[in-house]
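Participant: Each chain is listed here by its residues.
There are 2 protein chains.
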Amino acid sequence: MRQKKGSLFVISAPSGAGKTTLCQKLREVIPDIKFSVSYTTRKPRPGEIDGIHYTFVDEDEFRAMIADGEFVEWAQVHGNFYGTSKKRIEDMINEGFDVVLDIDVQGGRQIREHFPDSVLIFVLPPSMDELRKRLTGRMSDAEDVIKKRLKNAIDEIKEYKNYDYVIINDVFDDALEEIVAIIIAERVRTSKIDKNWVKENFIKEEE
Amino acid sequence: MRQKKGSLFVISAPSGAGKTTLCQKLREVIPDIKFSVSYTTRKPRPGEIDGIHYTFVDEDEFRAMIADGEFVEWAQVHGNFYGTSKKRIEDMINEGFDVVLDIDVQGGRQIREHFPDSVLIFVLPPSMDELRKRLTGRMSDAEDVIKKRLKNAIDEIKEYKNYDYVIINDVFDDALEEIVAIIIAERVRTSKIDKNWVKENFIKEEE
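Quick note, the sequences are listed as chains B and F, same order. The opening position of the first sequence corresponds to residue 1 in the numbering used here, with each subsequent residue numbered one higher. The opening position of the second sequence corresponds to residue 1 in the numbering used here, with each subsequent residue numbered one higher.
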């Protein structure tokens with residue numbers, strides 16, 4: 001009745017907006033959703049599993065993948081490379097899975113270019129005070145480090161207009177419900193219906 | 001944080017798809033949603049209340065409203081007039097309410113012309129067999145009357161492609177959840193966010 005193709009969702013947020021917890025809960029609420037696993041040249045941290053949290057590769061492999069155009073987006077952060085495989089996303093979508101990409105605003109822009117039907121969701125913190133509290137509360141960094149983080153957060157927030165949906169993460173359960181609603185709604189878009197099924201089941205009756 | 005304007009949702013379906021029950025439940029699940037009350041020249045049936053089920057007017061009044069361009073859509077069915085007031089919808093939307101219009105596909109098309117941002121939802125029965133069962137089960141009409149109803153249903157179904165979303169009313173609770181998801185998702189569209197709120201709360205911090 002529905003097409004076998006899934007949708008691609010991008011979730012972006014400034015640091016401190018609560019995106020990570022939202023995405024974790026999302027896995028529980030919609031278990032058949034897939035999160036894309038990024039490639040990275042960063043060394044695994046304790047508890048990180050290859051193929052689950054990241055696919056860990058060395059820099060030569062990563063550069064070869066860049067050269068082969070395998071990444072829909074990639075970036076270098078603090079000397080480490082991070083990249084999203086185009087083929088991995090396409091495979092999951094073609095298998096019928098909805099895919100979620102937890103990615104920054106630069107990455108979001110590149111995803112949209114390659115996947116124009118992707119659905120972009122931006123998560124905002126409820127207020128600047130709350131954002132400041134969340135960014136300072138969880139780390140003991142120096143004031144200028146915190147200032148830099150706040151500036152980065154504001155730079156990310158400026159990009160919200162390029163997104164399809166904006167979730168304000170004030171009451172967590174409401175924010176989660178809103179993301180779930182976006183995903184469920186996307187599944188019943190007219191473009192997702194199997195036109196042949198409608199034809200076979202209803203319209204041909206007339207002939 | 002969000003704009004004060006509501007959204008307009010159109011729900012259309014062939015007779016027998018279960019639209020009426022879905023709309024009734026929708027009122028319970030989202031109590032702050034408004035259903036537009038149509039004007040009609042039809043006489044009230046037992047139990048129908050003026051201003052709740054319809055606004056009952058005589059034909060002269062109705063024709064005057066047509067002449068004044070007050071209807072966003074109107075139709076004559078079995079000799080009676082039915083019409084949707086443009087102003088009523090605009091008032092409710094401007095007061096911040098989401099409005100649902102339970103209307104046929106011809107009406108849906110006219111709504112879209114006047115309200116290009118309206119969200120159009122089409123409800124399909126799960127199968128032709130089920131539709132036939134529902135159309136025959138609930139009335140003791142002659143076979144040619146049923147045939148005519150089925151033909152009308154198929155003609156309505158042909159229009160589903162002009163809708164944004166298609167709900168298949170197989171499992172009622174799933175269909176209801178999907179309509180609710182569409183409404184919740186629409187409330188968090190980026191176009192619904194108060195741009196000044198974002199600016200005041202986050203972006204101006206930088207200056």
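Simulated from the structure, these hints should not be mistaken for lab results. Built from N, CA and C at the ideal position, the CB exists for glycine as well. Errors might be hidden in some of the hints.
[As the list claims (entries may be wrong)] So the derived label-pair ranges between C-beta atoms look like this:
{"#": "1", "chain 1": "B", "residue 1": "R63", "chain 2": "F", "residue 2": "E200", "range": "42 to 50 Å"}
{"#": "2", "chain 1": "F", "residue 1": "S191", "chain 2": "B", "residue 2": "D129", "range": "21 to 29 Å"}
{"#": "3", "chain 1": "F", "residue 1": "P46", "chain 2": "B", "residue 2": "D91", "range": "54 to 62 Å"}
{"#": "4", "chain 1": "F", "residue 1": "E200", "chain 2": "B", "residue 2": "T136", "range": "17 to 25 Å"}
[Stated by the list, open to error] In the BS3-like style, the derived pairs of lysine-lysine whose C-alpha atoms are separated by at most 27 Å in a straight line are:
{"#": "5", "chain 1": "B", "residue 1": "K151", "chain 2": "F", "residue 2": "K192"}
{"#": "6", "chain 1": "B", "residue 1": "K199", "chain 2": "F", "residue 2": "K199"}
{"#": "7", "chain 1": "B", "residue 1": "K147", "chain 2": "F", "residue 2": "K199"}
{"#": "8", "chain 1": "F", "residue 1": "K192", "chain 2": "B", "residue 2": "K204"}
{"#": "9", "chain 1": "B", "residue 1": "K158", "chain 2": "F", "residue 2": "K148"}
Participant: A separate judgement is required for each hint: does it hold in the structure or not?
Facilitator: Results of checking the hints against the structure:
no., hint, in the structure
1, B:R63 to F:E200: 42 to 50 Å, "holds (44 Å)"
2, F:S191 to B:D129: 21 to 29 Å, "holds (26 Å)"
3, F:P46 to B:D91: 54 to 62 Å, "holds (60 Å)"
4, F:E200 to B:T136: 17 to 25 Å, "holds (21 Å)"
5, B:K151 to F:K192, "holds (25 Å)"
6, B:K199 to F:K199, "violated (49 Å)"
7, B:K147 to F:K199, "holds (18 Å)"
8, F:K192 to B:K204, "violated (41 Å)"
9, B:K158 to F:K148, "violated (56 Å)"
Violated hints for the displayed structure, listed by number in ascending order: 6, 8 and 9.
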